[in-house]
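Colleague: Based on the sequences and whatever the hints tell you, model everything.
Number of protein chains: 2
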Amino acid sequence: MDTELTKICIIEDNEYMREGWEAILDTQPDFCVLSTFEMCETAFESDDIERADVILMDIDLPGISGIEGVKYVRENYPDILVIMATIFDEDKYIFKALQGGAIGYLMKKVSPDDLCNSIRDARNGGSPMTPEIARKVIQSLHIKKPKESSVQLSERELEILQELATGKSYMAISKQIHLSEDGVRYHIRNIYKKLEVNSRSEAVAKGIKNRIIL
Amino acid sequence: MDTELTKICIIEDNEYMREGWEAILDTQPDFCVLSTFEMCETAFESDDIERADVILMDIDLPGISGIEGVKYVRENYPDILVIMATIFDEDKYIFKALQGGAIGYLMKKVSPDDLCNSIRDARNGGSPMTPEIARKVIQSLHIKKPKESSVQLSERELEILQELATGKSYMAISKQIHLSEDGVRYHIRNIYKKLEVNSRSEAVAKGIKNRIIL
DNA sequence: AAAAAGACGACATAGTCATGCAGTGTGAAA
DNA sequence: TTTCACACTGCATGACTATGTCGTCTTTTT
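Which chain is which? The protein sequence lines are P and D, in order. Number 205 in the numbering used here belongs to position 205 of the first sequence; there are no gaps in the numbering. Number 119 in the numbering used here belongs to position 119 of the second sequence; there are no gaps in the numbering.
If you are wondering where the hints come from, they were derived from the structure by calculation, not from laboratory data. The model shown is predicted, which means the values in this text are computed figures rather than measured ones. Please note that a few of the clues may not be correct.
A pair counts as met if it fits within one copy or between any two copies, since identical chains are not told apart.
[Claimed, not checked] Result set (EDC-like, lysine to aspartate or glutamate): computed pairs, CA atoms no more than 20 Å apart in a straight line:
(1) K136 / D182
(2) K96 / E155
(3) K96 / D182
(4) K209 / E75
(5) K92 / E157
Modeller: This is the structure in structure tokens:
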């Protein structure tokens with residue numbers, strides 16, 4: 001509940017950011033900033049970490065990154081809620097952090113009010129995110145429709161793309177599906193053309209990501 | 001922007017709920033309820049559907065369910081934002097609806113204010129959810145067993161595997177990450193060893209399937 | 001019936017890959 | 001200090017891939 005005191009640790013290398021956050025959070029009667037750290041290494045040696053309810057963590061830290069940091073916390077103190085707060089809104093970072101166990105993902109530009117409410121949200125069973133990030137997360141769940149999202153491959157092409165993913169050579173594939181090696185080549189050309197790629201690995205990556213194969 | 005008029009359709013079989021929502025939304029100057037329907041069948045025959053910006057949909061509908069309904073809308077009118085609003089907070093329904101293409105998921109008990117703000121949120125690039133649902137969605141991204149489920153690749157290896165998926169040549173990768181071509185080779189050998197594969201495409205396939213990359 | 005499209009087979013070749021072997025420098029463990 | 005693992009650099013080579021071009025034989029379209 002909101003009436004309970006929330007103990008917070010901050011891990012952020014930028015001094016102004018770190019002290020700014022601390023100052024904001026300390027004005028709240030229901031928050032208590034236990035400690036602030038400029039890097040994971042020192043934070044993880046401190047006793048304050050395990051006493052924390054919430055850790056506010058930057059993603060771009062010297063030494064152990066936030067991505068690694070959140071994994072460490074998740075493994076060692078699974079009950080601590082880690083909220084990433086960074087300047088990166090790239091999918092790569094967002095999903096790595098969330099997969100690593102972050103419970104929320106904020107941008108550093110959040111207003112003081114939003115920051116405080118995000119922490120309360122996390123404590124109350126939510127997962128604070130900016131609207132844009134929520135949208136990205138939801139869209140990552142959407143199953144792509146073969147209609148619009150990606151090209152329609154023929155049965156033969158599908159069959160061959162499937163084999164491509166296993167690393168088989170042209171010859172191995174040709175034997176597998178009873179077709180000449182050049183026949184396999186022919187279909188692979190067309191697969192590449194349709195998927196707009198020019199290598200096996202790209203084709204496989206696209207095929208799996210777009211759920212064409214698997 | 002909020003100043004723009006948002007055209008809304010409601011699909012909900014419960015008469016009181018349906019009319020209640022309509023009444024709430026109609027009080028808002030930036031909302032316009034085009035039509036309300038008690039089932040998908042009639043809704044999808046109507047011209048109003050394609051004119052809608054947002055569809056508020058119940059999940060438990062007679063005939064075509066909300067789960068099916070959202071898929072239909074997604075396929076035929078990909079720009080329409082479908083928000084599910086239901087009494088079910090079971091994971092099963094939530095994830096099916098979201099995978100089917102819903103952009104948001106609300107509980108029927110939402111306050112009138114929250115309902116309106118959720119629709120605005122969706123229109124502004126967000127994905128409205130209750131905190132509990134946000135948490136479930138985020139937790140679904142968390143990787144379970146970082147230890148045994150998959151091999152541990154080093155940062156460098158991860159970085160290179162990521163590039164392998166794009167079909168880059170050794171040389172291109174070496175330039176990208178500031179390492180000699182032979183250095184790239186060295187890491188790729190190790191990646192292959194760890195993943196127990198012996199080709200790019202296999203490595204990429206395994207990497208994506210095991211969520212090591214992406 | 002003629003044209004167009006799709007599914008091969010054949011051949012050629014520059015380019016890329018997979019892999020083996022042999023070093024070097026660094027930092028941690030013994 | 002020695003040993004050992006790790007992160008490279010260098011080199012070599014057979015194997016495989018990507019792509020272009022040409023030709024044949026159906027099937028579909030017009």
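Colleague: Each of the hints needs a verdict: does it hold here or not?
Modeller: So, going through the hints one by one against the coordinates:
1. Taking identical chains as interchangeable, the C-alpha atoms of K136 and D182 are never at most 20 Å apart, the minima being 42 Å within one chain and 37 Å between chains.
2. Taking the shortest Cα distances, K96 and E155 sit within 20 Å of each other only across copies (13 Å), while inside one copy they are farther apart (34 Å).
3. Taking identical chains as interchangeable, the C-alpha atoms of K96 and D182 are never at most 20 Å apart, the minima being 41 Å within one chain and 28 Å between chains.
4. For a Cα distance limit of 20 Å, the shortest separation of K209 from E75 across copies, 19 Å, qualifies, whereas the shortest one inside one copy, 26 Å, does not.
5. Taking the closest pair of Cα atoms, K92 and E157 come within 20 Å of each other only across two copies (16 Å); inside a single copy the shortest separation is 30 Å, beyond that limit.
When each numbered hint is compared with the structure, violations occur for hints 1 and 3.
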